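**Student:** Residue-level listing of the chains:
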Amino acid sequence: MAGFLQQVVEGLGAGAIYAGLALALVLIYQFTGIVNFAQGELAMFSTYLAWQLTAAGLPFWLALVVTLVVSFAGGMLIERVIIRPVEGAPELTVVIVTVGLFIFVNAAAGWIWSFTIKDFPNPFPEGAFRAGGVSVGYSTLGILGVVAVVMGLLYLLFQHTKIGLGMRAVASSPQSARLVGIRVGWTLALGWGLAATVGAVSGVLVAPLLFLDPNLMGGVLIYAFAAATLGGFDSPLGAVVGGLVVGVAETLAGAYVGFIGSDLKIGVPLVIILGVLLLRPQGLFGRAVVERV
Amino acid sequence: MSELVVTDLVAGYGDAKVLHGLSLTVGPGEICAILGPNGAGKTTLLRALSGMVRGRGSVRLGGTELTGRSPDAIARRGVAHVPEGRGTFMPLTVEENLRLGAYVRRGRTGVEADLDRIYTYFPALKPRLRQAAGSLSGGEQQMLAIGRALMLRPRLLLLDEPSLGLAPLVTRELFRIVRAINEQERTTVVVVEQNAHLALGIAQQAHVLETGRIVLSGTAERIRADEQVAQSYLGYRV
Amino acid sequence: MSEAAEARASGSRWRVAANRRWIIMALLLALTCYAPFQLVPFRVFQFTMVLIYAVALLGLNLLVGHTGQISLGHGAYFAVGAYTAAILLHSWHVPYPATLPAAAVAAFALGLAFGVPAVRLRGLYLALVTLAIAIFLVPLLKRFESVTGGSMGLTLAKPVPPAWTGLAEDQWLYFLTLAVAVVAFLVTRSVLRSRVGRALHAIRDNEAAAEVMGVRLSFYKTLSFAWSAMLAGIAGCLYTWVIGYVSPDSFVVTLSITLLAGLVVGGLGSYWGPLLGGLFVMFVPSISQSVNDAAPGVVFGLLIIAVMYVAPTGLAGLAGRAAYSIKKTLRKE
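Residue numbers (the numbering used here), protein chains in the order written: chain X, 7 to 299; chain H, 59 to 296; chain E, 333 to 665.
To be clear, the hints were calculated from the coordinates, so they are not data collected in a lab. Be careful, since some hints might not be right.
Some residues of chain H that are not near chain X, with every Cβ distance over 12 Å (derived) [stated by the list, open to error]:
hint, residue
1, Tyr-71
2, Thr-83
3, Gly-97
4, Gly-121
5, Asp-130
6, Gly-143
7, Glu-154
8, Thr-178
9, Leu-187
10, Arg-280
Estimated spans, in silico, between C-beta atoms of each pair [stated by the list, open to error]:
hint, chain 1, residue 1, chain 2, residue 2, range
11, X, Gly-170, E, Ile-658, 53 to 61 Å
12, X, Pro-91, E, Arg-521, 30 to 38 Å
13, H, Glu-142, E, Val-437, 52 to 60 Å
14, H, Gly-120, E, Arg-452, 51 to 59 Å
Here the structure is a predicted model, which is why all the values come from computation and not from measurement. For every residue, glycine included, the Cβ atom is placed at its ideal position computed from N, Cα and C.
Based on the sequences and whatever the hints tell you, model everything.
**Tutor:** Shown next as structure tokens:
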């Protein structure tokens, strides 16, 4: 039993990271209906930025703040410059543009920082907290805590600020939002900025566990897709719950299903994505979309 | 001086022009009814006034040129448009919808008082404040849409077919309220309506549109009195 | 001029244009047959790879360009074709020619298997699923080591040119690939010109309208998926013949994304797009790699975005427009 609980705890830790990136995906999707295939790569780029700043001697937390601010601005800039021209274009066009962005950012990071792996400082202390035969690493606790804080801040933003209300209005109906005087273009850019910031957090959280290299987020992205699909692409809460579920499912499958083992774990998100899309396409928390012709 | 002055307005969608050089004026605090058959360009006229479709020519509100500005910029200048389909933010609550109406107003002063004022006009909304707007009935959604528009404290209120899809009793009540709002707030109103009888009942002046042109203008009484107009342009007896 | 004469005149003008097209095609074919005797073996190898990519892109184009469905995982079908051929050659000692239909059938079957659920997925989700499949395939290949050779892969002997041809190995492989590519192009072209092609275009341009007009969506989408997978599988089989080695690391997700990039740059939905895309996929990385290891990615990424902005029809579209404007200027003279 303790062994099982231990696996669940590990799963939650991994899931929190997926949840972070899934949250970033959902932030953009609910405003624009775009799934940003480059989200993971943007997070990876932000993580390099943080690494560069700490390598230059900045204290970790200060480097993090600078990284988040730069990521926010970068996200907004990308929306204004790269995404704006294809806004309202067919889905295929938009997907291809974000895939192009994916390839570009990945290669650019390789160009700037080379493809050799780097050690990323762990902001959380070593060691673990023990309770009833289950040990919970401080870094697992830290990750869960950070994701909870991000979720809480987003909740406050959306539910209790005027800007958040405006953002939800744009997500609901850009046309009507314009008519009440909201600057929709800037709101979309704001969504991209927020997403880049949240993504950066997930990158910084995952980097100490893996090694930092330009393909850092490639694997995480597919889990984040599974998380967002499971939770519903238009539900931030769903993204977090989905992330945790995917993390636990992956860990348990790896530990208890002999055939899957550790090397085929990447099949778990695939099964989840396929299963959800075929059984309940809107996800657990999403709104069913009625296709209008 | 006139509040709204439209001169030689040409507008449409892409290459398809719907309005072919349309001119009209509306005095401050007046209600102006736009009548005409389907496809005459009534909705397009309202859309051009609020910036939803680009137009050429001139639209002036209280002396400020509006043509070429974006819808949000025009809203910030005090034009509240209740569009076809009402433009409700379905997943948001009724109260959030109303607060969004006041989005461009600076500061919180007056917003709470205005919310109360909306509830006196539309008491049916009050018990549903925390409910998702999408769960309201058609009539309630129309009230919400007008309430949302009023939260802007508009200089100019544009109403597109407020009677569409509503029961006759509800429609009559709605027009009574629009009249009351106009009298109490001195808001200038342009209302597009299929139901000519109702619209002429509250308007001071009216224009009849046909294929993108004004074919008849006059005071509401005159147009109402003109039986021939009713038959040839409005298609039925008033 | 009488109406009949007019019709005859326009008919003959049309025939002249059609003849000219055939002459150009014949010249092009002659050039492609002549080239391997003039180039060093490495160049011949490179052009063989161009043709292989072109066959794979032909399949991808059918799905993305002509049916409007997204696939970020075509490398998976390519890999399935490659591994089918490799395993048959390695463990069963099947003769070379027989591996081609086997690879085609395997990829077709897989395409069909994923095509059935894919029919229910909208663009975006289709992209997710296909991407996940491409990512999942690599660990799967590594896992079944006894069959696939695991991470080490499988090494195979290349086809030996028959003595009567008098060709060197690289030239023989080139002509084999060329023959398969030409047949694949001609068959796909005639399919696209039939009612099947019109149905696919209808789906791409407006799915709902196509359905209302009586196009059986699920049938044609699944067919397009399977056919597209089959072409990728054939390309994979050719790859095995030419390289003589398969390993999971040759088929990582980058391959799928590179294929999509090549197709977009070559020209979505155009007949020449796959060939131009093949040239692009083969030569752009090898040229830009001399600048920096990351340069191909930077070039690919920027070009994809730029193409979507300024020339959604890709290089093929640009070439077509250039040819048209040259013709127009010539006529004015």
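**Student:** Are there hints from earlier that the structure breaks, and if so, what are their numbers?
**Tutor:** 5, 6, 7
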